[in-house]
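Just so you know, the sequences run in chain order A and B. Mapping of the first sequence onto this note's numbering: position 178 corresponds to residue 178, and the numbering continues sequentially without gaps. In this note's numbering, each number is its position in the second sequence, counted from 1, plus 241.
Since the hints were made in silico from the structure, they are not lab data. Model, not experiment: these values are computed from the prediction. There's no promise every hint is true.
What the hints assert, rightly or not - EDC-like mimics (lysine to aspartate or glutamate), calculated; alpha carbons at most 16 Å apart, straight line: (1) B:K548 <-> A:D194; (2) A:K165 <-> A:E119; (3) A:K165 <-> A:D194; (4) B:K509 <-> B:D474; (5) B:K439 <-> B:E491; (6) B:K309 <-> A:D133.
Residue-level listing of the chains:
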Amino acid sequence: MKKLFSTILLGMSGLMLGCGDERLAPDTNEGQPRGSETSQASESFQVEPNSEQTPEAIASYKAGDGFQFSGLQFRLRRGQVALTEKGLEGTGLLLVNGPLAPSIYSDALISVGFEVSDEDSSFAELMAFVRNDASQGIRLRMNSSSVILIGPQGQLTVVRENRTKRELSLEIHNSEDPSHIILWDQWEVGRFTDEIFDSALDAGPLGSRAFGRARGNFFGVELKNATLTRIERRSRIARPH
Amino acid sequence: MRNSIDRQINTWKQKKRGGYLLASLLLLLALFCPPASLKASDWGGLQIGGAADLIADFGFKDANRDRKLNVRSVELMLYGPTDHLFEGVLSFAAHEYQGEFNLGLHEAFIKSSRLIPRTRFQIGQFFLGVGRLNALHQHDWPFIDSPLTQAQFFDGEGIIDSGLEVAWLSPLPFYMDLTVGVTNGWRITHSHGDAGKKPSFPTHYAKLEFFQDLPAGGGLLWALNYLGRRDSDKTWLRLAGAHAVAKWREANFLRVLLQAEVWARFLKPQGVASENQLGGYLYAQYGWSPLISTGLRFDMLSSLSLKDLDQKSVPNHQMQFSPQINFSVSEMAVFRAGYSYLRDFQRGRSTGHEHQILLQSIFILGAHPAHDF
Numbered sequence: 001m002k003k004l005f006s007t008i009l010l011g012m013s014g015l016m017l018g019c020g021d022e023r024l025a026p027d028t029n030e031g032q033p034r035g036s037e038t039s040q041a042s043e044s045f046q047v048e049p050n051s052e053q054t055p056e057a058i059a060s061y062k063a064g065d066g067f068q069f070s071g072l073q074f075r076l077r078r079g080q081v082a083l084t085e086k087g088l089e090g091t092g093l094l095l096v097n098g099p100l101a102p103s104i105y106s107d108a109l110i111s112v113g114f115e116v117s118d119e120d121s122s123f124a125e126l127m128a129f130v131r132n133d134a135s136q137g138i139r140l141r142m143n144s145s146s147v148i149l150i151g152p153q154g155q156l157t158v159v160r161e162n163r164t165k166r167e168l169s170l171e172i173h174n175s176e177d178p179s180h181i182i183l184w185d186q187w188e189v190g191r192f193t194d195e196i197f198d199s200a201l202d203a204g205p206l207g208s209r210a211f212g213r214a215r216g217n218f219f220g221v222e223l224k225n226a227t228l229t230r231i232e233r234r235s236r237i238a239r240p241h
Numbered sequence: 242m243r244n245s246i247d248r249q250i251n252t253w254k255q256k257k258r259g260g261y262l263l264a265s266l267l268l269l270l271a272l273f274c275p276p277a278s279l280k281a282s283d284w285g286g287l288q289i290g291g292a293a294d295l296i297a298d299f300g301f302k303d304a305n306r307d308r309k310l311n312v313r314s315v316e317l318m319l320y321g322p323t324d325h326l327f328e329g330v331l332s333f334a335a336h337e338y339q340g341e342f343n344l345g346l347h348e349a350f351i352k353s354s355r356l357i358p359r360t361r362f363q364i365g366q367f368f369l370g371v372g373r374l375n376a377l378h379q380h381d382w383p384f385i386d387s388p389l390t391q392a393q394f395f396d397g398e399g400i401i402d403s404g405l406e407v408a409w410l411s412p413l414p415f416y417m418d419l420t421v422g423v424t425n426g427w428r429i430t431h432s433h434g435d436a437g438k439k440p441s442f443p444t445h446y447a448k449l450e451f452f453q454d455l456p457a458g459g460g461l462l463w464a465l466n467y468l469g470r471r472d473s474d475k476t477w478l479r480l481a482g483a484h485a486v487a488k489w490r491e492a493n494f495l496r497v498l499l500q501a502e503v504w505a506r507f508l509k510p511q512g513v514a515s516e517n518q519l520g521g522y523l524y525a526q527y528g529w530s531p532l533i534s535t536g537l538r539f540d541m542l543s544s545l546s547l548k549d550l551d552q553k554s555v556p557n558h559q560m561q562f563s564p565q566i567n568f569s570v571s572e573m574a575v576f577r578a579g580y581s582y583l584r585d586f587q588r589g590r591s592t593g594h595e596h597q598i599l600l601q602s603i604f605i606l607g608a609h610p611a612h613d614f
């Protein structure tokens with residue numbers, strides 16, 4: 001009886017650990033079979049435990065590693081990040097190993113959660129429609145005092161406010177020339193949600209040409225002593241033409 | 242923090258432009274509006290019509306749940322003979338953006354079918370005469386929202402540009418009509434407050450159209466289409482497609498409608514890998530009575546050249562199912578209710594889905610040009 005009870009307890013503990021953190025498991029809501037993702041990961045890259053693993057880090061990754069986070073398959077191009085309870089922490093450049101949209105000349109909506117430190121050098125940046133070397137895209141950079149939009153031809157500070165934690169949604173109509181950029185400071189957005197920036201209306205004297213047009217079809221994140229808490233690419237944009 | 246002063250200025254400039262346009266429109270109408278003593282006049286054959294397209298889309302995800310009834314667009318059309326040889330068309334449309342209606346010119350062209358035998362031509366600004374949906378105003382479409390290929394390749398409603406279009410009806414014993422056109426090509430998609438850039442090769446297109454009768458009183462119109470342009474950055478855009486429309490009428494209503502378009506888009510940017518996409522839609526509608534019909538549209542779009550970071554091919558496609566029910570007393574007033582389910586796939590796995598309920602009401606006032614088949 002004792003053996004049976006212990007076995008049941010162990011089995012239940014295993015189940016709870018396996019279902020505990022949705023960010024560890026493939027997002028089964030999107031229909032991605034766990035088994036095939038695991039075998040694909042093991043075919044492409046090896047993730048080895050880091051001997052400098054901090055106590056609160058669930059996993060650590062170095063340049064060249066591939067891993068899944070928030071339902072997306074990332075590749076760490078440079079730097080080192082750790083997966084913690086808060087999200088992906090550290091300093092590094094991560095690209096999603098898959099195209100952002102059906103075409104460079106498409107539209108996309110990405111929501112992202114960032115946390116940065118109070119240091120001036122700390123920042124977190126979402127990049128979209130970039131090439132596989134992370135160039136030529138539209139970037140959204142957050143530090144503790146501002147939010148800046150950066151394009152191939154210019155940049156603009158869209159928010160000046162001291163905050164270390166934000167959730168932002170960035171919609172890019174790269175089917176338009178120049179790219180039409182809309183930004184919200186919240187995770188859930190819809191057609192009638194008030195935005196904090198719209199390049200068709202808010203880009204100042206340069207007008208909508210302030211940013212130019214992105215020329216890639218990948219997306220990712222760059223962190224400098226910052227945390228990516230979550231990220232999601234939406235199936236539909238909030239403001240269709 | 243918004244750049245609120247710039248936004249106010251930009252909004253005011255848009256309102257000012259819209260106001261000038263509206264004032265010009267009213268002046269035009271006043272000039273043509275006869276005083277009471279001239280009521281017997283036929284206004285020189287001028288026809289005036291208006292159309293409104295109201296839509297409500299209710300999503301199930303996130304803030305897309307908070308939707309409302311929205312006027313998608315309003316259109317005012319004036320058309321009629323200028324003299325015994327030519328006809329003119331003016332069309333103004335207002336589209337809602339961020340709670341504001343931006344009034345702009347849709348079409349302004351002069352046309353004639355009387356100068357050269359078997360030949361029609363038009364000069365001005367117009368929807369390019371290529372494809373099925375692209376040549377029609379959105380309120381004339383048989384469904385509520387844009388198919389995936391129309392949204393991706395034709396900027397949502399359709400490509401509008403300024404130029405020359407010529408159509409020639411062949412003298413063959415069967416119907417064959419060839420349309421060719423060349424337009425400025427400074428813009429192929431809409432942009433906000435931007436005139437575009439001079440292309441290195443202007444927009445040019447062609448459509449070869451056929452018609453044949455079908456059994457049981459039906460008719461089939463089908464065509465092959467091509468459009469090309471090379472923009473200022475030397476990116477070649479080529480679109481090749483085909484469309485078909487089959488109809489069966491009974492008494493005074495449309496019993497069966499089948500409509501399909503297939504398009505391939507080839508993009509060749511300079512110094513960057515080519516992009517090739519293939520997609521289309523199929524729409525089937527059945528009229529249960531003169532008042533009520535139901536339809537189902539299936540869309541598909543795939544990028545044939547998508548690659549991952551390792552330059553490995555990424556098989557992918559988007560699929561959309563859109564059933565709808567229509568209520569219409571006539572072509573001048575239509576009510577539709579529909580549902581749309583969109584799913585994305587990469588490497589055989591679903592990467593996202595969205596679904597929404599769509600409601601639409603369209604009404605047309607006054608005169609309306611006769612619909613093509």
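To see whether the hints hold, each was checked on the structure:
Taking the CA atoms of K548 (chain B) and D194 (chain A), the gap is near 35 Å; set against the 16 Å cutoff, the hint is violated. About 13 Å separates the Cα atoms of K165 (chain A) and E119 (chain A), which keeps this hinted pair within 16 Å; it holds. Our distance criterion of 16 Å between C-alpha atoms is broken by K165 (chain A) and D194 (chain A), whose separation comes to about 20 Å. Under the criterion of a C-alpha separation no larger than 16 Å, the hint pairing K509 (chain B) with D474 (chain B) is consistent with the structure, at around 11 Å.
At most 16 Å may separate the alpha-carbon atoms for a hinted pair to count; K439 (chain B) and E491 (chain B) exceed this at roughly 50 Å. With a C-alpha separation of about 42 Å, the suggested pair K309 (chain B) and D133 (chain A) falls outside the 16 Å cut-off, and the hint is violated.
Checked against the numbered hints given earlier, the structure breaks hints 1, 3, 5 and 6 and satisfies all the rest.
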